[in-house]
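Asker: Take a look at the letters that make up each chain.
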Amino acid sequence: MRSSDIRNHLSRFRVGIAGAGGLGSNCAAALARSGVGTLVICDYDVIEPANLSRQSYFTNQVGTLKTIALKENIARINPDIIVLAYTEKLTRTNIPKIYSGCDIIVEAFDRDDMKEMIIETVQSEMPGVPLIVGSGVAGWGNTDSIRCRKIDDTLYVCGDESTEVSEEHPLMAPRVGIAANMQADTVVELLMKKSSDYFRL
Amino acid sequence: MKIILNNREEMLPGETLTVSEMLLLKKFSFKMRIIKINGVLVPKDKYDSTLIKEGDNVQMLYLMSGG
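Those sequence lines, one after another, are chains X and A.
Here our numbering is used: the first residue of the first sequence is 209, the next is one more, and so on.
Here our numbering is used: the first residue of the second sequence is 39, the next is one more, and so on.
These are computed hints drawn from the structure, not numbers from a lab.
Zero decoy hints are in this set.
Only pairs whose alpha carbons sit at most 25 Å apart, straight line, appear in this in silico SDA-like list of lysine to any residue:
id, chain 1, residue 1, chain 2, residue 2
1, A, K69, X, S374
2, X, K358, A, V57
3, X, K358, A, F66
4, A, K69, X, T362
5, X, K297, A, L79
6, A, K69, X, T299
7, A, K82, A, N95
8, A, K74, X, D361
9, A, K91, X, T362
10, A, K82, X, M334
11, A, K82, X, I303
12, A, K65, X, D321
13, A, K82, X, M322
14, X, K358, A, F68
15, A, K74, X, I359
16, A, K84, X, E333
17, A, K74, X, L398
18, A, K82, X, G336
19, A, K82, X, E372
20, X, K358, A, Y85
21, A, K84, X, E328
22, X, K401, A, V78
23, A, K69, X, R355
24, A, K69, X, V373
Each pair of labels, with its calculated beta carbon distance range:
id, chain 1, residue 1, chain 2, residue 2, range
25, A, K65, X, G309, 37 to 47 Å
26, X, S370, A, M49, 18 to 28 Å
27, X, D360, A, K84, 12 to 22 Å
28, X, K401, A, L62, 36 to 46 Å
29, X, E328, A, F66, 16 to 26 Å
30, X, T295, A, E47, 41 to 51 Å
31, A, E47, X, G271, 50 to 60 Å
32, A, K84, X, K297, 24 to 34 Å
33, A, G52, X, F266, 52 to 62 Å
34, A, R46, X, D321, 25 to 35 Å
35, A, K65, X, D321, 16 to 26 Å
36, X, G271, A, R46, 48 to 58 Å
37, X, F266, A, S87, 46 to 56 Å
38, X, T272, A, N95, 37 to 47 Å
Where a beta carbon is used, it is the ideal one built from N, C-alpha and C, also for glycine.
Based on the sequences and whatever the hints tell you, model everything.
Answerer: Written out as structure tokens, the structure is:
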């Protein structure tokens, strides 16, 4: 497949991103550059100065909702991408509605209990939709320990599954970016396996 | 009994174990985790009542804050 055929193929898909922080903003940028046609993003937070240490935003966007700023940044990267942005807190109730029709969902939350909540929700309410989770991205160094592990056809985890964020292990751009791009790469890999015939059904 | 735990064969005592017993036995103390048995997610409130049997494929994934 040539590069233009790959972009054409990827343009037909819809990918959900849950959270627009370090993992979500960087993963969205990689998917937009790859040409994934529709991105569904959801977050309720506003950009704070400290976020700029790892999140794909800019100084003039501080104080702006992450959904608004991310939509703006994606349009600057690739105006052909359709972005559906929802500014609300994701819950067991709204996840199946907001991400309905998505071919794949990327988990990009900060908190472990939210990660658990979306895994339980997508696995029980949206059977068959692959979920790409991030877990263990804090600190620096030892990047070989960050990997993408396939649990089964519907669940993948990118990260080292052991480094938790703390005073000694803050979130920093390099490792967060590695994991976010690994999540994006897993999305591309899964979408490339989907046949184009899928759309003619 | 022999099970598969995160893609590796493991010998565990007895014919069956609950998920809680397995976690205790293996000294898996970290709280935030997802467990799937033969592809089916086991909710946390079912750890005491869900049995692991010979040949089961148990997948465990740890959830770390940060992202």
